[in-house]
Structure formats: C-alpha cells, structure tokens
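Since the structure of chain H is provided, determine the placement of chains L and D on it from the hints.
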Amino acid sequence: MSEAGSASENGDWESLARAASLRGADGEDQVDLLRELLSFRLDESPYAIPVERVREIVRVRKITSVPKMPSWVLGVVALRGEIVQVVDLRMRLGIPSKSTSRQSRIIVLHGDDDRITGMLVDAVDQVLRVNEDAFQNAEVSTESGAVNELCVREGEFVSIVDVDRVLELRAD
Amino acid sequence: MAARRSKAKAPAKKAPRRAAKSSARRKANREFVSEAEEILDRMREDLVDLGDQRTNGIEVDPDLVNQIFRSAHSLKGLAGMFGLDGIGKLAHHMEDILDGLRLGRIAIESPAVDLLDSAVALFTALLVDIEDPALEEKHTRDIAELIRRIDSAVEEPAPAADELAGLALDPSLLRALTEYEEHRLRENIRRGRHLALVDSTFEIIAFEEGLSELSAAIREVGEVVSTLPSPGDAPESQIRFSLLVATDMAADQLSSHLDIAGASVREVRRASQAEAVESVESTSVSGRPRDQASRPSATEAAASPPSAAQAAGREAASVDSRSATARPETAELESLRSISDTVRVDIRKLDELMNLVGELVIHRNAIESIAARLSTDASAARLAAELTKTNKQLDRKLKELQAGVLDVRMVPLRQVFEKLSRVVRRLRRDQDKNVSMDFRGADTELDKLIVEQLVDPLMHVVRNAFDHAIESPADRRAAGKPEDATIFVQAFQRGNHVVIEVRDDGGGIDRAKVRAIAESQGLVSPDDELTERETLDLIFLPGLSTRGEISETSGRGVGMDVVRANLAALGGMVEVNSVVGRGTTVSMTLPITLAIIQALIVGVAEHRFAIPLNSVLETLLLEGHEIQRSEDREILNLRGDALTLRRLSEEFELSGTRNDGKQYAVVLGMGEQRVGLLVDDLHGQQDTVIKSINGPIREIAGIAGATELGDQGVVLVIDVSYIVGESTRRMEAA
Amino acid sequence: MQRILIVEDSATMRSLLASTLEDLDAAVKITEASSGFEALRCLPREEYDLVVTDINMPDINGLELVSFLKNNDAYSKIPLVIVSTEGSDRDREKGLELGADAYLVKPFDPEVLRQVARDLLADESGAE
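Residue numbers (the working numbering), protein chains in the order written: chain H, 2 to 173; chain L, 83 to 816; chain D, 2 to 129.
Just chain H, same shape as in the assembly (with noise of 0.2 Å):
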C-alpha cells in the first residue's frame, strides 16, 4: 500500500512546481540552520539520527540468525521482499543486549550504496527539528566512537548517533 506510485513520481507540472515553489517558500532560508532528526530511546535515554538515514520504521518481524556474523549482527529479516541485516544498536554501542518489547522497532537506514541497513532499538520516540545551535560535540571518546554529537532538547541530552560508524566493519 504505501508503496504505491504517487503524482508525484509521474512528475507532472503541477506538483513538480508546488514542490518546488514549496521548497523555496518556506524551505530554503531555514534548512541550513535546522536539522531534522528522527529520535529513540534505548532503555529510557534519548539518541536520534538524522532523519534523511531513515528509510522507514518497521515492527520487530522473526530475524534469522546468519553463522559467523559479528555479535551485534542479530541476523537476517525479509522486508517487502529485500532482505535485510539487523543490527542491534545495543550491544554496537556497549550497552548489554536485552530481549525485544512491544515497543521495539527496527529502524530501516540508508547506508551508502543502495544498501540498507536495519537497526533494533527499544522504541521510537519522534521527528526532531533542532537548530544547529542546540548541537555540541560529545567531547568524550567513547570506546563505539558511535555518539559525536550531543543536542539538547526539553533540558535533556539527546546523543546523536553517527550512522556511518554504526554500520562500519571493524575486525572484531
């Protein structure tokens, strides 16, 4: 269903220049100084990635287990057909593994290529806008790297997960 065509892709005038006048009507001027984020929480804490990685947020489905994978690689999933390596941001970023929720969700990312990537987190909070002011480096090395970024939103700190680093193969 939601993977039905659209105007939009048929590309005629009129939505190609509402999208266009759109973008220049209220986009443009704000885009450099606001970055969209998609947030989670893994156990109660706030982390969230930039929202152009996410290329959409599925439910848990039955993962099948790949032998030799690295640990944090909890296996396999069908996606509408493509299949998909699972990650679990958990034990990537240190945190112990803990069993799936009603509230778990796989988070589908872009990674380069046209590869895609899934990653498991405990739920899914929302759509951050948040002016670059807001951001400021981690500061602390932490031993995944995976956290650069800090933003503060509602005087919580939200950590900023750098997707790149998450999917990047290290010899483990």
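Because the hints were derived from the structure by calculation, they are not lab data.
Mixed in with the good hints, there may be bad ones.
What the hints assert, rightly or not - In the SDA-like style, the derived pairs of lysine to any residue whose C-alpha atoms are separated by at most 20 Å in a straight line are:
| # | chain 1 | residue 1 | chain 2 | residue 2 |
| --- | --- | --- | --- | --- |
| 1 | D | K71 | D | G100 |
| 2 | L | K530 | H | R116 |
| 3 | H | K69 | L | G738 |
| 4 | D | K107 | H | L35 |
Said to hold, decoys possible - Sample of chain L residues lacking proximity to chain D, with all beta carbon distances greater than 10 Å (derived):
| # | residue |
| --- | --- |
| 5 | S116 |
| 6 | D123 |
| 7 | N148 |
| 8 | R257 |
| 9 | E263 |
| 10 | G523 |
| 11 | A561 |
| 12 | T613 |
| 13 | V749 |
| 14 | I779 |
Virtual Cβ for every residue (Gly too), placed ideally from N, Cα, C.
Chains L and D alone, transformed into the frame defined by chain H:
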C-alpha cells in the same frame, strides 16, 4: 580456485572496503555525469527553440517551457541524489526563472532568460571538472555568482490586494486551498485569465484514469489550480471532482475543448463581472459536444482546437500569431505519439515486478502442498485432482509471466561497449599508446541489473589491459609486433551464461614474477607446489593486487580481487589466460539473469538452509557406521570412490545437531570437485529467488544470499563454490 | 479492532506515524496511503475509525481531503487529525473550520498524538 580462497581470506576484509568507498564515489560521479549530460543535451536543444521563438516574437510555447523546467527539475533531483549541492541549487534557481516565465511573472524579453543559457554553460563546465577537487572552490564561487544574478533578475512583484474575496466560489472550496494554491490563484487572476470550475463524476474504483485524462485536457489550455473531491450522486460508488481551472478560454470554449462526456464547466465570475453564473453543460447526450459548443463559427470548429485568443477577445494580430504556434504544437503531439511505443522504465519497478512474481511462485508452492494434503482425503480426492490441474496451468502462466518480466529487463551490451570505447579514446589521448578497440557481440543481451554491476569490473579489466598489458610502441617494435595494439572485447552467449572476453596482444603475464612477488609478500611459501594455472590465479589475491610493481612489470593485478568479488556477487566468475609475449585473455562468465532457481531445503538443528539444486548431484541417507574417518577428515565409500564429507554444523558453527545416528549427505558437485555435505534433515525442493543480503557485512563466507520461503521466513542460501573450494583446500593442505 | 488510515507522502513520516499509532492500548489496524488519491481509493474498502492526514501532498492536499470526508455522509463522522508542517494560524484555522478534530504541528509529540487518537476513538465508539 583453491588457492584464491585460502590466501584471500584474511586481508580480503579490509582492503576492498576502502577501495569500494572511493570507487563508489567515482562510480557515482560517472553515473551522474552520464545522466546529466543527457539532460543538458535536451536542455540545449530546447533553449535553442526557445531562443528562436523569442527572436521571432512568437508567444512562448508553454509546453516548451514546461519541458525545460522538467529538465532543470530532473537535474536538481539527480544532483540531490548524488549529494552535489551546488549543482542542485543552481538547477533550483533555473526552475525559478522557468516558473516565472510560465506564470508570466517574467517576460520572455527579460534578461533573466539569457541566464538560462549561462546556467547550461556553467553546468557543462562543472561536469567536465567534476572529479577535480582543486576546482571545487572556483565552482562554488561561479555558482554563487550566477545564482546572485538570477535572484536579482527574478524579483517577485509586490503582492496585490486580495482578489480572492470577490470570487463567486463556494467558500468550502476556497477554504480547502493551501497557501500555495491561493498564491497560484491570485497569480492567474492578475494575468487576467478566466477562472472556471470543471465538475466531473467518476466511479471510485477507476477515478484516477478519468481524472488524469480530464486534467491533461485542461492542462493543454490552462492550469489546474486545485482539485477538490466531493461525494458523487451515489456516494458509495462515485466520486465527484471540482477542478478550479485558470485558462485564457471562456467557459463555453473550454467546455468544447474538453470534449469529455459528463464534465460540466462553469465560469467563475469575479466581483467586477456580472453576477450571473454562466453554465455550459457538456452533456453526454450530444455525444460530440465539441460540434455543439463550437457552433458560433463553423470554420473554427473544423480547424483544430478553438483558438484561445479569440475567446479572450484579443485583436486579430495576436490571433494570427497564436494559430501559427498552434500547428507546430499538434505536430509535436503526433511525433510524441509515434515514439511512445517504447517506454523507459525504472529498473526498480521491474525489481518490484520480479519480487511479485517470486511471491506468486511461493503462493503457487503453497497451493501445491494443499492439493497434496487434500489428495490423501478420499472424499476430497476429486477436488484435489482438479486443484492440482488448475495449479499446473497457473504454473505455466507464471513461467510465461516470469519470462516476460525477465525479457523486459534484458538490454544489449552495446551501451557498455560505447562507454568503454569513450574511456579508451580518452586514455589514448592522455598516453602515448596507439591502441584500437575491437568490439564484437554488442547485441548480446543481459539482465539490466547485471549489466550495471558489470560496467565497473569490465572497465577495470580494459584499463588494466591498456595501462599495463600493452607495451610501449618502442617495445612492441623491438618484439617484432605491429606498433598498433588491439584490445578485443567479445561477448557471446553460452548456454545459460554470457561470456565476455577481453583479449589484448600485449606482453602477457610472467608467472615467475607473479610467484616471486607472492612469495615476497608471504602469500605462498617457497615450498608450495603450484600448477601453472594456480600460479596465474595468484593475481586474484588482494594482498598481491595492492602492490603497484607487479602490474607494471607483468601487466595485471590491480584490483583483480575486486573484479572477482564483483562477479562472484553476480553469480559469475572470471578466468585469466596468458601467454608471455603474446597477450592475455580475461574471460568473465555471467548468468543471463537472476532468475528463479530450484533449491533443496536442508535442516541442521533448528536452522534451515537452501542449496541450489543445480549443484546437487544426489542425496543419500547414511547410517552412522557408514561414515569413516581418514586422518582428520570423514569420508564415505560412494560406489567405490572416496567422497569427502563436510558437516554443515561445523562449517557454520551451529550447535544442537545430531552427531550420530542417521545423517543425510547432500552430494555437491562443482567442476571436477565433489563433496558430501552432512545435514540433519531434508525438507524438499522449492522454487526460490535468490536475493543478495543488504547490510554492513558485505560478504558472508559460505552464504550466497537468502530467499524468502512462504512458511519458513528467510532462509539462507549456501554458496556451494565456497563449501567445495574450502573442502578441496583442506584436502590439499593435509 | 480500530482501523486507522494514515495519509502522508513522506515515507519516513508515514512510518513514524504508523509506528506511533501502533502503540495505542487498543488493537489497531493501520492502512498507509502515500497520497490523497490513494486515500480516496482506500476509503470505500474499509470502515475507518480514524484518519490522520498531512496537508501538502502531490495530488490533492490534506484540506481538500478533509473537505471531502466531511461532505460525504459515509465518512463525515470519521474523526480526523491533521499532522502538518504548515504551522500558520490560518492553515490551522482552515483545517478546523473544515471539520478536522485536531491539528498537530510536526514535529509532533508521539504521546500527544496517541492521546488525541485515544480520545477520538473513544468518543466515536461511545457515540455508537
């Protein structure tokens, strides 16, 4: 084969990944350039036409402007996809000019229009130097400068007082306009265009077709400002759309232009105009409403679409110039029609279709097993037989559908060859080598997806031949060869495979040198006995290939591991043959398509795996005592021959397997080699579509991909060449 | 079983809305439409208990969709939530005037959306 697996493993993980990243970037740039070039070519032609209309004082053809807009838009989208922000921004500003032009905000005489040409010229320059980081800053400056000029040329006129209040429009329609649509509405009022409401009712199940037909007809003569749905007379099954339309035509003329039964057109009056609402019904009664509505002038009706200008009540001169443009417009429509029997299709859509076919196959399998279960029930036996029969017919049709979809995906290699030839022309310019290319079999067809994956490795092999294999003209003379070298690229079909050979008449590969370097790198020990072939295959080792010297002295080696990996990912293979002094041939064998294959499903503990049936020679049920030990391996007496056994549980480090008692041996064969793979259970055969596994881990040893089985979820597909190769290697090592 | 129709052209946003609404206490079935036209096609197929729509979409806009639903006897009682980046007072006013039951501005707070959805679904089942 055996040597490459063993030595390749450890270093294989790191090196190619780095290489893959930068080569991905280069590849991306190349893709961008080739697509962008196409768009720019089209733009250039269109801008010439626009220039002609401009100098001849003809009113600008809106379709032409649309077309240029679309080109700019495509370019913007493309740049966005490839992360080229500068180009994207400039394209976006081009859109502004074109948008203004189309809305009449910018006059055709405006200097802004000249900037379109400047933009295309700048794009052209940018594409040439896209790979040169030194010029990046200059490009950024050039783009910024041009954008500044465009911005100052495309100043928005000050907004006029709100004209919307005085419109004789249902307030609910006005309320449903977004701010942008309001803006468009004002824009059209300012231009003095007529506003009309076009109502039409459709069946809900098929409204899109009818609606798009209507919208398209309107767009020929105007603009659809908004599309408001409302319930039809039979709300459960019908839907009505009210299209707010801005056009130069009066309502009656619009009505006759639309010529669509059931569409009613009514003029939307403004406060300054008469209060009355004129309504013209284009009824289905007349059948040919065009004739009826065009009654005022019979000659007009006979000619092609009623002139818009006449409706607007302009003077005769402008009518003439309009009808002058009207004719080329219809001519263009016809020519569009004649080329439209070929369709460009996004490969992803074909992938979706292919996936659908795969899923249908899974359902067909399910029906088959239901039929089988039913047939054991005496009371349902007759129905079961019919179900089986119907399922067979379904199967036949599915196969046809599959073949049809596959056929659509097939493309000739010609384009790839043309790209190669361009690259070589450039190399020839840069280097002092006279090399001619000889292409054969350009019409050989391959799956589009395979062709795309093939471009890189093939380019690599040809570049290797050019850079390293072909000697300098002086050396060639000394060796008694013609100074002009030739690289032959030949493609042909062999069974279910396509073979692409790249053959050069260069210096050939010196095996002794290859061996020496491999030894110096510790990749082989001086004691290892290698056949000629095995020595040559050393060039596929990643450790070896990263060294520059061998490629220079012996003509091969740069990135051959990457070539091999790329081809393996496609289910293909690469072989090298070489004669010192005579030349080298690299043969790449590829499956024609990534089609549905038959697989044997096996089980170990709770895990299931699929094995492509074309590699399975037979399956045996073994009692524990039949398995013998010989040193550290297990063997089986298979009709007098010793068959090496491998346990899948050990191969994949799976626990919970049955280690004694009954085991199944799946006898795998590849080339000359045979291996018996021990598993706990056999779960029958299935039609499967092998898919690559997405994710950070690119290569999983022993796994060729995965497949989705209806009832069992995702099942991994075993890479038979790995199991067989690994086993042979162990035997040789022993 | 509560049926919810989500109309949103951005795949990420659609998936996020779906994910948020899947966590209502009641059992829900979510249908995702990627455009207004698709929504129009979905509507006759199922009886929805809630529609959540974006405003800016490529074919018809969310306000037009709201207007359609509210003017159609078959759908006029379905509770409607607009979730949009168009945060201007005028758009909000328009949406509510047309009959939307709630208007949330992106980025929305998932808990708020869930609460709004719970309330609207409860109202509806109470009315029947």
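Status of each hint after checking the structure:
With a C-alpha separation of about 6 Å, the suggested pair K71(D) and G100(D) falls inside the 20 Å cut-off, and the hint holds. Taking the CA atoms of K530(L) and R116(H), the gap is about 18 Å. The hint holds against a cut of 20 Å. About 16 Å separates the Cα atoms of K69(H) and G738(L), which keeps this hinted pair within 20 Å; it holds. Taking the CA atoms of K107(D) and L35(H), the gap is near 13 Å; set against the 20 Å cutoff, the hint holds.
Taking the minimum C-beta to C-beta distance to chain D, about 28 Å, the non-interface status of S116(L) holds against the 10 Å cut. Listed as a non-interface residue, D123(L) keeps its Cβ farther than 10 Å from every Cβ of chain D; the least gap is roughly 28 Å. Residue-level check passed: N148(L) sits 17 Å from the nearest beta carbon of chain D, beyond 10 Å. Not every beta carbon of chain D lies more than 10 Å from that of R257(L), the smallest distance being close to 5 Å; the non-interface claim is violated.
For E263(L), the condition that its CB be more than 10 Å from all CB atoms of chain D is violated, with the nearest at approximately 7 Å. Interface exclusion of G523(L) from chain D stands, the closest Cβ pair being 42 Å apart, more than 10 Å. Chain D leaves A561(L) outside its interface by the beta-carbon criterion, the shortest separation being 61 Å against a cut-off of 10 Å. The beta carbon of T613(L) is kept farther than 10 Å from every beta carbon of chain D, the shortest such distance being approximately 54 Å.
The Cβ of V749(L) sits about 46 Å from the closest Cβ of chain D, beyond the 10 Å cut-off, so the non-interface label holds. At roughly 25 Å from the closest C-beta of chain D, the C-beta of I779(L) stays outside 10 Å, upholding its exclusion from the interface.
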